[in-house]
Amino acid sequence: MIDLLIPTIISCVAALAVVYIMTPPLIKFLEKQNFTVKDMNKKEDVMVVRPGGPAIIAGIIISEIILYAFLQLNEILAMLITTSAAFVIGYVDDRKVMGGWFKPVALAVAAIPIIALGTYDSYLVFPLFGAVQIPVLYLALIIFMIPITGNTINSIDVLNGVASGFMVIASFSLSLCLFIVQNYEIAVVSLPLGVVSLAFYKFHKVPSKIFPGDSGALALGAMYGGIAIVGDVEIIAAVALLPAVINSFLFISSVKRVVEHRQIKGKPVEHTVDFKLQATDDKKAPVTLVRLILAGGGPMSEKQVGFAIFKLAIFSGFLAVITALMMGVSL
Amino acid sequence: MWCLIIIGGGIIVTLLGPISVSGFGEFDWFVSSMIQAVIALVLVVIWILILSKIKNWVFKKEIKL
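Sequence order for the protein chains is R and X. Just so we're aligned: 206 in this note's numbering is position 205 of the first sequence, and the numbers increase by one with no gaps anywhere. Just so we're aligned: 67 in this note's numbering is position 58 of the second sequence, and the numbers increase by one with no gaps anywhere.
Any given hint might turn out to be false.
What the hints assert, rightly or not - Pairs of lysine-lysine residues, derived as BS3-like cross-links and limited to a Cα-Cα distance of at most 25 Å, are as follows:
#	chain 1	residue 1	chain 2	residue 2
1	R	LYS268	R	LYS284
2	R	LYS39	R	LYS97
3	R	LYS268	R	LYS304
4	X	LYS62	R	LYS268
5	R	LYS44	R	LYS33
6	X	LYS64	R	LYS312
7	R	LYS39	R	LYS210
8	R	LYS266	R	LYS33
9	R	LYS266	R	LYS44
10	R	LYS277	R	LYS266
11	R	LYS29	R	LYS277
12	R	LYS284	X	LYS64
13	R	LYS39	R	LYS203
14	R	LYS304	R	LYS206
15	R	LYS29	R	LYS43
16	X	LYS62	R	LYS285
17	R	LYS39	R	LYS304
18	R	LYS268	X	LYS64
19	R	LYS285	X	LYS64
20	X	LYS64	R	LYS266
21	R	LYS29	R	LYS39
22	R	LYS29	R	LYS268
23	R	LYS266	R	LYS39
24	X	LYS62	R	LYS284
Hints are computed from structural coordinates only; laboratory data are not their basis.
Construct the entire structure; sequences and hints are all you get.
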């Protein structure tokens with residue numbers, strides 16, 4: 002394990018430095034190109050640049066290439082190709098409005114490198130009850146997992162700082178769980194995801210200077226899903242991601258189909274006079290995690306809702322750690 | 010939802026783990042996988058239905074959205 006220390010430090014420093022250094026010039030470049038969108042939760046007409054995906058993917062690629070130079074793992078290659086493909090899919094969606102089915106289908110294709118490079122184990126491991134081998138079913142799981150994690154992170158990217166902040170908590174929880182289940186190499190491979198998210202959070206937090214866009218959110222989500230598969234910690238990863246999974250589940254089960262947010266007619270959230278967020282009673286509007294939080298807690302500022310989501314993420318991370326500890330226990 | 014994942018995992022391991030079909034020659038693994046897939050799909054549908062019921066209960070009874 003000691004021999005992993007140097008690659009860990011170098012890759013994490015590289016991930017942090019690349020995103021931290023690259024994002025400010027990217028913001029200036031996007032401003033010049035007029036790639037801006039209105040921040041809907043600000044009283045004034047605030048325009049924010051997007052997408053921040055190029056800085057995020059640069060941090061991921063450079064840190065993972067450094068790790069590959071040290072560890073020579075096919076798992077890194079598979080995850081890197083899938084994550085890069087997810088970035089490209091997101092970038093296409095950032096530039097051109099695509100249909101609701103484009104991202105799930107394209108992300109399913111992006112999962113193929115994980116299968117092609119054979120970097121998976123067809124056992125699904127559950128806490129307390131052990132493992133079950135599902136050779137064919139596992140292939141379907143891989144094909145579904147990347148679109149689910151990618152779109153799940155994308156769908157939680159609704160407020161300043163939420164997607165990146167949530168990924169910081171979820172990915173570091175997953176890394177900790179990988180150390181607990183003694184999968185040290187994949188734990189090290191997973192660390193740059195948290196570091197990249199942390200570096201990007203500095204620019205994404207309230208008030209946002211840049212939004213990750215679909216390219217950033219899909220890259221983060223796809224990498225998270227890729228780590229879950231190659232690290233053989235699918236169930237633990239699902240637990241750490243629960244608030245975002247619940248958000249996606251609430252959304253899809255209330256609109257009853259796969260659609261883009263822009264296609265939704267009802268408004269789930271509205272602004273009060275002092276521009277706080279509050280839940281609407283619009284029956285046509287989708288049910289979302291933000292709406293649920295606001296319905297239970299009354300009007301809140303954007304920052305307060307973000308912190309409420311982070312608290313849920315920390316709780317889910319804690320449950321993920323308990324789940325990882327339970328992996329060693331058999332009934 | 011965490012409890013549903015843990016319990017669901019137990020059911021999956023208990024139901025899918027022992028499935029092993031013989032009598033189909035080299036297609037044994039394929040038939041086994043198909044049976045596993047059908048059972049898994051049924052379990053996922055049941056899991057989603059339970060989650061939907063819980064969601065409806067939370068929204069309609071507790072928060073009245």
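Among the hints numbered above, which are violated by the structure, and what are their numbers in rising order?
8, 11 and 22
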